[in-house]
Amino acid sequence: MATTNEYTPSTTTGRLANFVDSRVGASGMVKEFGRKIFPDHWSFMFGEVALYTFVLLLLSGTFLTFFFDPSMTHVTYNGSYVPLKGIGMSAAMASTMDISFDVRGGLFMRQVHHWSALLFVASLSVHMLRVFFTGAFRRPRELNWVVGGVLLIMGLAAGFTGYSLPDDLLSGNGLRIIDGVMKALPIVGTYLSMFFFGGEFPGVHVIPRLYSLHIMIVPAVIILLLVIHLFMVVTHKHTQYPGPGRTNDNVVGFPVGPVYAAKAGGFFFIVFGIVAFISGLFQINPIWNYGPYDPSPVSAGTQPDWYIGFVDGALRLMPGYLGNFSFEWIIPFPWGDNTLVLSVLLPALVPAGVLFMVMFAWPWIERWVTKDNREHHLLDRPRNAPFRTAMGAAGVVFYCVMWAAASSDLIATHFHVALNDVTYWLRILFFLGPIFAFWITRRICLSLQRKDREIVLHGREAGIIQMSPEGGFSEKHEEVDVYKRFLLTSYNDNKYIPAQPDAAGHVSGSEKRRAALSKFFFEDRVAPVTPSELEAAHAAHGHHEVEGEKQDSIEK
Amino acid sequence: MGDHSHGSPEESGTVAKADDVAQDRFPDPGLPPHRPRLADRDPRAAKRHERQVALLFTISIIGTLFFFVAYFVLGHLGEMTFAELRVQNAALGLGTAFAMLGIGVGIVHWAKTLMPDHELVEQRHEISSEKDRQDAVDIIDTVIEETGIKRRPLIRNTLIGAIALAPIPAIFMFRDLDRTGKTAHQMIEQMRHTLWDTGVRLTRDPSGTPIKASDVQLGSAFHVIPEGLENAENMLNEKAKAVVLLMRMDPQEMNISAGREDWHVDGIVAYSKICTHVGCPIALYEQHTHHLLCPCHQSTFDLANECKVIFGPAGHALPQLPITVDADGYLVAQSDFHEPVGPSYWERG
Numbered sequence: 328m329a330t331t332n333e334y335t336p337s338t339t340t341g342r343l344a345n346f347v348d349s350r351v352g353a354s355g356m357v358k359e360f361g362r363k364i365f366p367d368h369w370s371f372m373f374g375e376v377a378l379y380t381f382v383l384l385l386l387s388g389t390f391l392t393f394f395f396d397p398s399m400t401h402v403t404y405n406g407s408y409v410p411l412k413g414i415g416m417s418a419a420m421a422s423t424m425d426i427s428f429d430v431r432g433g434l435f436m437r438q439v440h441h442w443s444a445l446l447f448v449a450s451l452s453v454h455m456l457r458v459f460f461t462g463a464f465r466r467p468r469e470l471n472w473v474v475g476g477v478l479l480i481m482g483l484a485a486g487f488t489g490y491s492l493p494d495d496l497l498s499g500n501g502l503r504i505i506d507g508v509m510k511a512l513p514i515v516g517t518y519l520s521m522f523f524f525g526g527e528f529p530g531v532h533v534i535p536r537l538y539s540l541h542i543m544i545v546p547a548v549i550i551l552l553l554v555i556h557l558f559m560v561v562t563h564k565h566t567q568y569p570g571p572g573r574t575n576d577n578v579v580g581f582p583v584g585p586v587y588a589a590k591a592g593g594f595f596f597i598v599f600g601i602v603a604f605i606s607g608l609f610q611i612n613p614i615w616n617y618g619p620y621d622p623s624p625v626s627a628g629t630q631p632d633w634y635i636g637f638v639d640g641a642l643r644l645m646p647g648y649l650g651n652f653s654f655e656w657i658i659p660f661p662w663g664d665n666t667l668v669l670s671v672l673l674p675a676l677v678p679a680g681v682l683f684m685v686m687f688a689w690p691w692i693e694r695w696v697t698k699d700n701r702e703h704h705l706l707d708r709p710r711n712a713p714f715r716t717a718m719g720a721a722g723v724v725f726y727c728v729m730w731a732a733a734s735s736d737l738i739a740t741h742f743h744v745a746l747n748d749v750t751y752w753l754r755i756l757f758f759l760g761p762i763f764a765f766w767i768t769r770r771i772c773l774s775l776q777r778k779d780r781e782i783v784l785h786g787r788e789a790g791i792i793q794m795s796p797e798g799g800f801s802e803k804h805e806e807v808d809v810y811k812r813f814l815l816t817s818y819n820d821n822k823y824i825p826a827q828p829d830a831a832g833h834v835s836g837s838e839k840r841r842a843a844l845s846k847f848f849f850e851d852r853v854a855p856v857t858p859s860e861l862e863a864a865h866a867a868h869g870h871h872e873v874e875g876e877k878q879d880s881i882e883k
Numbered sequence: 067m068g069d070h071s072h073g074s075p076e077e078s079g080t081v082a083k084a085d086d087v088a089q090d091r092f093p094d095p096g097l098p099p100h101r102p103r104l105a106d107r108d109p110r111a112a113k114r115h116e117r118q119v120a121l122l123f124t125i126s127i128i129g130t131l132f133f134f135v136a137y138f139v140l141g142h143l144g145e146m147t148f149a150e151l152r153v154q155n156a157a158l159g160l161g162t163a164f165a166m167l168g169i170g171v172g173i174v175h176w177a178k179t180l181m182p183d184h185e186l187v188e189q190r191h192e193i194s195s196e197k198d199r200q201d202a203v204d205i206i207d208t209v210i211e212e213t214g215i216k217r218r219p220l221i222r223n224t225l226i227g228a229i230a231l232a233p234i235p236a237i238f239m240f241r242d243l244d245r246t247g248k249t250a251h252q253m254i255e256q257m258r259h260t261l262w263d264t265g266v267r268l269t270r271d272p273s274g275t276p277i278k279a280s281d282v283q284l285g286s287a288f289h290v291i292p293e294g295l296e297n298a299e300n301m302l303n304e305k306a307k308a309v310v311l312l313m314r315m316d317p318q319e320m321n322i323s324a325g326r327e328d329w330h331v332d333g334i335v336a337y338s339k340i341c342t343h344v345g346c347p348i349a350l351y352e353q354h355t356h357h358l359l360c361p362c363h364q365s366t367f368d369l370a371n372e373c374k375v376i377f378g379p380a381g382h383a384l385p386q387l388p389i390t391v392d393a394d395g396y397l398v399a400q401s402d403f404h405e406p407v408g409p410s411y412w413e414r415g
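Residue numbers (the numbering used here), protein chains in the order written: chain A, 328 to 883; chain B, 67 to 415.
Honestly, the hints are just simulated from the structure, not real lab data. Please read all numbers here as calculations on a predicted model, not as lab measurements. Cβ atoms here follow ideal geometry from the backbone N, Cα and C, with glycine treated the same way. Treat the hints loosely; a few may be bogus.
Short, incomplete list of chain A residues facing chain B, as computed with Cβ under 10 Å [claimed, not checked]:
#1 G361
#2 R362
#3 H401
#4 D429
#5 R503
#6 H532
#7 D576
#8 V598
#9 G600
#10 R643
#11 T666
#12 N747
Same shape as in the complex, but just chain B:
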């Protein structure tokens, strides 16, 4: 209890006991005496405040005029350079700021210096009196009694049933928020597939030029889209599933599990670029650690270990796209991804 209190805590009252009587309290001395302001006593001070308030309002007028200068003189129709736009934006902001602050500060200054500063006292009232409450209860009881709803359970129960059912059509009305016109099963199936298929060329994002295996140097990384993406019906939807990262590393450094031995071309591997956490594109590849990092939530995937999660919130490895080379030496997909890309969902399995 510190060394400031008198004696031990028990006898000082520093720690009060539960049976302490609350009556032993200091009486309320009432509101402290009002201290007059300078302007209350000195008419010259009051006059000075009056001039200050008028000056603030004048600043507001100047601010408004400045706004018009900014709007018509600094701004013009037709193309503006970015620098011009910045200057105009700043001028509009300053004009508005002065126009508003002049009024606001002026009024508050007026209220604080020249309007009465005597605090007044008002009594609180009960939110509603006991009698009003009793009357209200009586009225509600009478109303319920007159409907007879308690005496006629048949009416009551059918009404409850009707009211419970009536809103359900309104919920079903929202079924066609889904504009695809497909069944749930078809949509789940569609989520499992991307534009990748046997023989689809890997092309650069966004130029769309195909990539030769010989173009991919050790340690390099390519942002890849499937050939023909720009002609797809829902281009962005397809792109959101099909984007791929293409990297090359020494095959000796890679741990390759059974069944995936021929999914790479001399250490060139392709992985889905969509994070398995919540779907951000994984844009960062660190060459010397061969880690992939998602900039949104920092999930980190290890390229040497088939992009298994080594840090962060992602729950499973990035799906790998099996690739090979075609007769012309261009990289092509062997097939679609073998599992759904992107964030997990209930039906993913």
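Pulled out of the complex, with its shape left as it was, chain A reads as follows:
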């Protein structure tokens, strides 16, 4: 063997492996991945949910393409659903009706597809929130954060293009709104709308166009980005939560084979099972209740799919007039008057634009303010990065106010308040909500950090009340073990870095702005307990298990 350098297998597995490996060289892969360590935490699951719902989308979507006719040709419905018999509609709508009523299991597959789509975007969003709040986007993962953000946008694109395909009344009104927003774009808007609809709205071209985007371009881009995303996860190795034994240089967790593969693989079936359960029992998008698209009727209280809600809500919040000031500007040009439709442009583009810009730029903003360019493989507990957690909370509130505004009419009818008042309050919250969220969240984080200090210095409350000989009551405190103490004291606390002069001794304007931001973020901070502090605390108490300052002082 040593001379021929030939590996002689002795087991069945060995012979199979030998056959494959000597042809495709898979042993390197097995060596790399077979026992690769993945850290385990429940919050790492959201990305998996996104991946698995995407697989479900591909499976159920492929089934639907076999029966769906993406055409706006006018047909008369003659399927099994009696109330719509004899009604004129597009072939797209009619074939969606057939999928629902005349293909066995078709309705189930449609519902699996729709519920998976809702869950896909939801899990992408929650996954990104997890990454943000734990600081997992820091070097070396900034680019993967950006890829994730683009994946989220592509998820929205996939959702929207698919939502419109059945050509029912509800989705047609959605397209109508898109048409209105497109037309508001200065100079190019009208042309874009004409190109998109193949002429005037609604035309007979838009459904097949959305279909090729929905089943080809968008999923292809998602798959490409997904591969890049996972490739980078492997390159970087997964982040892990801080704790005893976990350092910036190691990965503590379970090996892929067998534990992690079993858990992650089993989890796919769990996600599938839950989606199937929901799709079997909860109706979604009952197009037979809405009827085919017609530009004249609309039903009150209709909602877009949840992930479009924040843009729709922003459209609702914008006032067309402030007093007598109109947000539709008519600009006189030498060739005639042109209209700048700020009442649509501002809400449709600015809030979503700000949200995504800050989101994409955040890793670099944080790096610039903290001057921290180190690699970070240990996550932050959100309380230990109060500035970031507060910024995230402000963003979430900003998003949720717009999202709530998309249901302003339902809020008004359910809680019996005036619709106009709901809108006025949400307009105020749109501006003040994020500020309050920032301030309150930072205070909560700092308080939690102080609580951690308290636990390390004085131990945790044991739940045992002791009575002193003098009759005073006090609670017994138990000192935390070394593992917990390390977790509570090992965080990376950012400090305010004043403006630094450059090599020439000059403090640049941007450095001054950075210092101002640094001061704003880090002026209030809570440092971790140090061993010397703990010693001092012990010495101050005599017997450190009981916190008895007050009793002592009474005694004296």
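Given chain A's structure and the hints, the job is docking chain B onto it.
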């Protein structure tokens, strides 16, 4: 800083100063000791877990069989009632759910109870070493050097020019996405016009029956389409522009601006139903406040004030359709709308 800290914040270390030394930290005690699970110590517990996993897989098998029952027994070819369909859909869902959850929960339970739960430690490696990076830079430099692109700016500049121009035809290829075959000017002109014209009767949507002025009671509202809409070439396109709301209110309560005095018939007025915000149909008319409300984004228009915007995001009033009565007493349009209907756009002016 709360009353729990010792002394003032300055001396407690609660607020650390910038020059604090980071070295004063607790040492890492290493991974906590591994605590064996019940199944690690007790073979009977392990056997019990084994049976539980097998039971979960059996549930999956039953779920799959139930799916077939739902597919072939509850479902059948030919017309199904809606109730039958609901039952079948629920049964298919439950069958699939149990088939999948049985496998999934079974595997996870297996992994958590019977597979090793020792956490392992692996070292991270540099993404790439300094040397590799330097080698890569050297290779790229060599490649660029060998092309000679830096020394031959003529080649470089013409190449940049060619590459910049080459994709432009691909963009122009999309010009015919617009299938009307009309020029931009013609299309803009077309957007300004609807099927309404002098003498076109106002008819009910969707029946198409004409409306007599005497049919329209005080406080009533009609959804209106122009006569002959069903024969139009692009029916939906025309309908999307031409739909109208017809209402009647006391002429004394209406503020009518100059030039519009004869656009109504005894308080019967017609306004475009397409919202001037982003084009939803304005379906809600509140009779006692004479307000029109768009259900999509809640733009509110005041009928007594020529449908001016009183709330919400719409940027201008609803266009009014001038109407009159013909010799037979039917309501007809005097002309087309005097301004484009629907959402605003750049060329609207």
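Hint-by-hint comparison with the structure:
no. : hint : verdict
1   : G361 : violated, 12 Å
2   : R362 : holds, 8 Å
3   : H401 : holds, 8 Å
4   : D429 : holds, 8 Å
5   : R503 : holds, 5 Å
6   : H532 : holds, 6 Å
7   : D576 : holds, 5 Å
8   : V598 : holds, 8 Å
9   : G600 : holds, 3 Å
10  : R643 : holds, 5 Å
11  : T666 : holds, 5 Å
12  : N747 : holds, 6 Å
Violated hint for the displayed structure: number 1, the only one.
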